[in-house]
Amino acid sequence: METDFMFAAALTLIAAVLAVTRANAVHALLYLIIALLGVAVIFASLGAPFAAVLQVIIYAGAITVLFVFVVMMLNLGPAAEARERHWQPPGSWLGPGMIGLLLFAELVLIVMHGDAAGAGGVVDAKQVGMALFGPYLIVVELASLLLLAGLVVVWHVGQGGIGERR
Amino acid sequence: MTATPVVLTLAAALIVIGMAGVLARRNLMFMLVSVELVFNGAGLAFIAAGAHWAQPDGQVMFLLILSVSGAETATALALMLRLERHYGTLDVDAMRQLRD
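Protein chains in written order, with my numbering: chain U, 1 to 166; chain H, 1001 to 1100.
Don't take each hint at face value.
[What the hints assert, rightly or not] Pairs of lysine to any residue residues, derived as SDA-like cross-links and limited to a Cα-Cα distance of at most 25 Å, are as follows: (1) 126(U) to 1049(H); (2) 126(U) to 1042(H); (3) 126(U) to 1079(H); (4) 126(U) to 1031(H); (5) 126(U) to 1052(H); (6) 126(U) to 60(U); (7) 126(U) to 1093(H); (8) 126(U) to 1064(H).
[Said to hold, decoys possible] Which chain U residues face chain H? A few, computed with CB under 8 Å, are given here: (9) 7; (10) 32; (11) 35; (12) 37; (13) 80; (14) 102; (15) 131; (16) 132; (17) 158.
The hints are simulated quantities; they were obtained by calculation from the structure and are not laboratory data.
Ideal Cβ positions, reconstructed from N, Cα and C, are used throughout, including at glycine.
Go ahead and model the full structure; you've got the sequences and the hints to work with.
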């Protein structure tokens, strides 16, 4: 259990760093998908299979498909890539990266010497559903309202006839 | 079972990587990708807490984060398309006019 978590965690971190630093949008999206899948594996290893499945279906499936569609519509060319490279000279990452690594090592030390209590067992989809439609019913309604608001906003903004264009 | 502090450390690392991306990149698309990483770090923290106490509440909160993230991504991508049509670029440095 420990080793597979560590393996997934290492891969997730590598993919996340690569997703943030790529100059090409499609490469970044591919690494983002890998990072999302790595997080899904971690969910499964933590005893949350329902969340892991939702992570794969909704995050790595639906949300990244939205990204890919927008990349297709925008058609980011080599010019945008060169501009991103120009903004990111490799040396500029060195200083902040070293300091950030030191801070992170300190954080790890602090956290590791804290109270490392063991975790419980698997929390399956049935328990989550019982909680969702029991004490969290209002939260479910709020989430549906939020998604409806998002739908209306996207319809309104995507119409394309609102403001003046240059 | 993995110790909870280790998982929370990974969540913090994901959030920091995403935040660094938001601060360092100047292209809206990459900033959105970084924001997705931040959302994932937050969701991972909730799942770790839920697994720590063996309660479903963490996964319920993850579902809420999932819907927030979906609404945010859709809205931001629609706005991005409008901005790209308006300015002809996704460079945030080009978008420094608050008035039209």
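Checking against the hints above, which ones are violated?
When the structure is compared with the hints, numbers 3, 4, 7, 9, 12 and 14 turn out to be violated.
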